[in-house]
Amino acid sequence: MAKRIVVDPITRIEGHLRIDCEIDNGRVTKAWSSGQMWRGIELILQDRDPRDAWVFTQRICGVCTTVHAIASVRAVENALGLEVPLNAQYIRNMMIGAHGIFDHIVHFYHLSALDWVDIVSALKGSPKAAAALGQQLSPWPHNSEQEIKAVQERLKGFVGTGQLGIFASGYWGHPAMKLSPDVNLLAASHYFQALDYQRRINKVVAILGSKTPHIQNLAVGGVSNPINPDSQSTLTIERLYYVKTLIDEIGDFIKNVYMVDVAAIGAFYADWTKYGAGVTNYLSVPDMPLDSKGTAFDLPGGYIADGNVGSFKPITGFNDDFFKQGVKEGIKHSWYKGDWDRHPWEEETVPQHTEFQDNGKYSWVKSPTFNGKPAQVGPLANVLCMYAAGHAPTKTYTDGLLQTVSTLAGAKVGIEALHSTIGRHAARAVRCAVLHDSLLGQWQSLMDNIGKGDYATFNQPVFPKGEQRGVGFHEAPRGVLSHWIVIQDGKIKNYQCVVPSTWNAGPRNTKDAPGPYEASLVGNPVANPEKPLEVLRTVHSFDPCLACAIHLLDPDSREIVTVRTMT
Amino acid sequence: MSHNILVLGVGNVLLADEGAGVRVVEQLQRRYVFPPQVELIDGGTMGLDLLGYLDDKTHLFIVDAIISRKPPGSVVIEKLSDPPAYFRQKISPHQIGLSELLAVASMQDCLPPDITLFGIVPLDLATGLEMSCEVSRAVEQVVLAVVKELALLGVEGSAVSC
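Sequences listed follow chains H and B, in order.
Those letters in the first sequence? Residues 5 to 571, per our numbering, in order.
Those letters in the second sequence? Residues 135 to 296, per our numbering, in order.
Please keep in mind that the hints were generated in silico from the structure rather than gathered at the bench.
Think of the CB as a built atom: it goes at the ideal place given N, C-alpha and C, for glycine as much as any other residue.
You may find that some hints are simply not true.
[Said to hold, decoys possible] Here are some chain B residues pointing at chain H (derived, C-beta under 10 Å):
1) M180
2) L185
3) V238
4) L251
The shape of chain B in the complex, shown without the other chains (with noise of 0.2 Å):
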């Protein structure tokens, strides 16, 4: 069974916190190898761009700060059984561009059964290029899950040593 495998970090890595996800994928980028059935891309804040990189996957990574009640620095992994209630649902602060980017991948057909999110919670939202700590460290966190829940599928991504 060969998975096809798609991390998508999203956000606006101006905007200090709001870049979480871009951040996650750039660290992803920097310290592993993986093989060619794991694709990381840095999405930005884009929406129907992104359309042509969802083709073909079984499985969608999306990494993006999110909205919740949970205190800054916080992550939330969940799974997307029901990819249609999340586009109701207000998560991300790119809310309109990615819900109407899977909205559309779900009418084309073209929408990765498996959705997995990984939401990191923001705390500092203005212009800037720094993370804040909270944050900084929720994006280890992430980076490390992300690694962990490849593994699970099978795939194993081999450390760079720098």
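This is chain H alone, in the form it adopts within the complex (with noise of 0.2 Å):
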């Protein structure tokens, strides 16, 4: 007989997602994906001045501001034709870079490792082992016995005082959990050095964006930094050698810390590259523009249909229409009125909430489709759609770290290992270590414009009479964000935006398809009911965010996850 399990809210962050499973002889069945809370935000939207949008938007998201700023004034200039100048396109693209790498290093260690690490067992742990096994490893010179030790010391005080704070809510001592505790002592020391890391990387977004969390720098026709290699004020040579530190250190860490955490928790866990495939229609969009016009990128993007590497289509530029004429959403099983499949500058937001309905509508979440088909997006799209395009660097860091995972595995394992819950973690990994190169680039590449003597960084907006239509699309750290803006006579008309964890969180679409939350579900082992941490594995190896997907709000109870049986 089929159990049926809630597990509600699924976050570890902000935001309200709901996941059901019926679970049969130990496996997920059937999954039902449900964001929890009415949006609208971009009701608010309507009838302001585009030029002011972008700082709402960043509003949305408690966790993704930088992201939905970038894409909203993309949207505006793709409505104008707006060029914007190649500075800003710098500036903009090192934001990006360094907010990605932060956002994949906080969701690897922070969110989603102790699903795999068991914290408390990390206390049972050798320092010398940990200490061994990570010099074998890699070259990174903070795996000491002196340094584990002490991190096992600071444990052992949170455990001891009753305080386990952060790790309150871990299935400690799960049968799912592998690793012996020398790995997880390893894994636990590495989970406190990210914690120094990614705020070192997150201030690279504060100097060029004038301020975190929320960016002030941004415009519609580019940034508001002044560039004046002189002036204390502006962005200065020595600001921008400050930022080039910040960059090198982190890379050190990205490359000698995360990638190999990441191959050695594939390799540990390599029954985890069966589970979690879901939809593998996989899209993601280029990003990174060179020049000012949106036309050519450093991250290349696209879409690959049913897994198959070889199908890949690229997207070849904000104005493409594969992209623009591509995407839909549909809200049969969504709490919106009525029953349609529309383009984002076509749809309107008219909600009507129901009961949970298994066969009819139970999300606020609506159903994105790409050319008709649901798609998964995020760093596994990306890196794959970027391997298929030749991107010299996916292609290095990708065959480096299977590789990697081969020799800890004893195996040979292949690009196809990733289409999995592991794999997207993998993917991460490599996606995080090109943006860093990316972002060193664009460093380069600012400071290579200014040396030319080119110091501008706005184009002014102008606005004609009657409409124009446009989309923004940004490669943000959760997958594919687009912003989509009709703007009639100066004034917004229309403002819709399609986010990742729409993407990937949204029900089953107008032909009953399932989404890559739903899809990746079924056939995921589930050893207890009860404490259903491979449901959490999957749906957190996506990144959840639901924050922006809908509306936020708090959970009632003090559990991170509080699951409810059904029979």
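Combine the two chains into a complex, taking the hints into account.
Here it is, written out as structure tokens:
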């Protein structure tokens, strides 16, 4: 007899996602992904000045503020056909790169690693053995016995006072936790180091963006950072060199710690390459524009159908109709009035809440499709597309990581292993390394361009009478983000955000095809329905963040995850 | 004795009263000039991003919408003398982001020793930029309370004439 579990809410950060699973014989047989809160934040934007939209959109989400600001200015620029000065592209690209690195590191270490790493078991590990293992895996200087011992003492302190803090809600001792105490201890020490490195790279965003968490330097038409190599109050050469130092520091951590940890976890949990593939249509967009028009990019993007890397079709620029015409959203299973599939420019947002209907409406999230099919977005989609496009750094890092996994696992692990729960983590680490290379390149391009005497950062937008339509897309840390705007006589007439978590967490679509979360859960093992760690592993591998896919509100309980079992 | 004080307003300004903490900080920035040992931060709905702002602070003032049985528009000011206990309580709609931030700060030994919560009980959490009348009044009350509390620490803000 099938048993039904409800995991609610499932994010470790804000947002409210509910997952329902039917479990039979220790496997998930059916799954539903439901966004639990009504949003409608786009409605605030109607009738406003399009130049102000980014200020509001970056408040949609508590985690990805920068990305919504970038997508918004790009949407307005696209509607107006407005070019962006090179310096502005480079500065934006550097913020994108630094933010992406920050986000990937936090996601892996602080929001999902503890699905795989048992913190309580780390207390029993031997610092000496953990250090020896770490030194065998990488030249990272902080894998010393002394430093690892200090982390263990710290952890003992927390556990001793009963203050597990953010570790309070883990499934410690769960049978699906497979790492030895020594490996757990090594990973725990990197958890603490990652806390330090994430804040350093976030400084780059703060320096360029004038401030975080909400950057202030964007403008439709460029950025508001005046560049003057001699003035103290502007973006000076001295500040830019400090930015370079911060970028260099994080590089070692990504390559000698993050990539190595992911490879090790992948090798120890090799069975997880068999679970969680789900929807294998992959969509990503090109990013890091290298010209003022958005026709050349450092990082390619495109579409892969049915997991076949050979089917890759690139998206070539901000004006590519392949993307512009391909995106639709459906509401058959969403709590909105009607049953339609529409292009974002043609959408309307009229809520109609019902009870949770297994075969009817059950989510506030809409169902996006690309050319009529659900698509997975995120680092895995991005890495597979860049790999298919022949992007050299992506190939180097992907092949290198798979080689490390193969060595550790003692068996050949190929790129097909990436279509999985653990594969999403591997792809995120690869993307982080790729972003780092790109970030260095953007820094150099900016310096070179300033060196040529070009200080321009802004082109004045002009709003003609009549209607203009635009889309701004961005390959955000969680995947394809697109903002769709209709401008009428200089005012916003319609605004829709199609966000990464909508692509991945969307409910069944108009043709009843499940979304990526739902499809990826089917077939997952569940050892203990009361403690569905395996369900969390797969959902967390997408880096769920529903604060922007839907409106955010707190869960009523202190528990990070409440599980209800229904029969 | 030099104090180093962070006034951190958190909340989502797109959700009416939910953004009360941010509104308080905006008012403080607009109406007062403080000496350099006071830092005013609009933290939005962020979590770990704010860690860097806690470094070397002696005092942390958290201004936030809180869940309480008291009527909407009520103001609750209390010292969090035992910060770990704070983590266990459900007091803010950003409980996960903020409590995670403080827990991490505590692990990293950068939690300011003196933490005061300035809480405002919201009425309206619907999508919208306007706060309710009750909460607008509470925001004004908290602005003055923060200025007073800073003065008690020997830090005087001078009002900007507009």
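Hints, one by one, checked against the model:
no.	hint	in the structure
1	M180	holds, 4 Å
2	L185	holds, 5 Å
3	V238	holds, 6 Å
4	L251	violated, 16 Å
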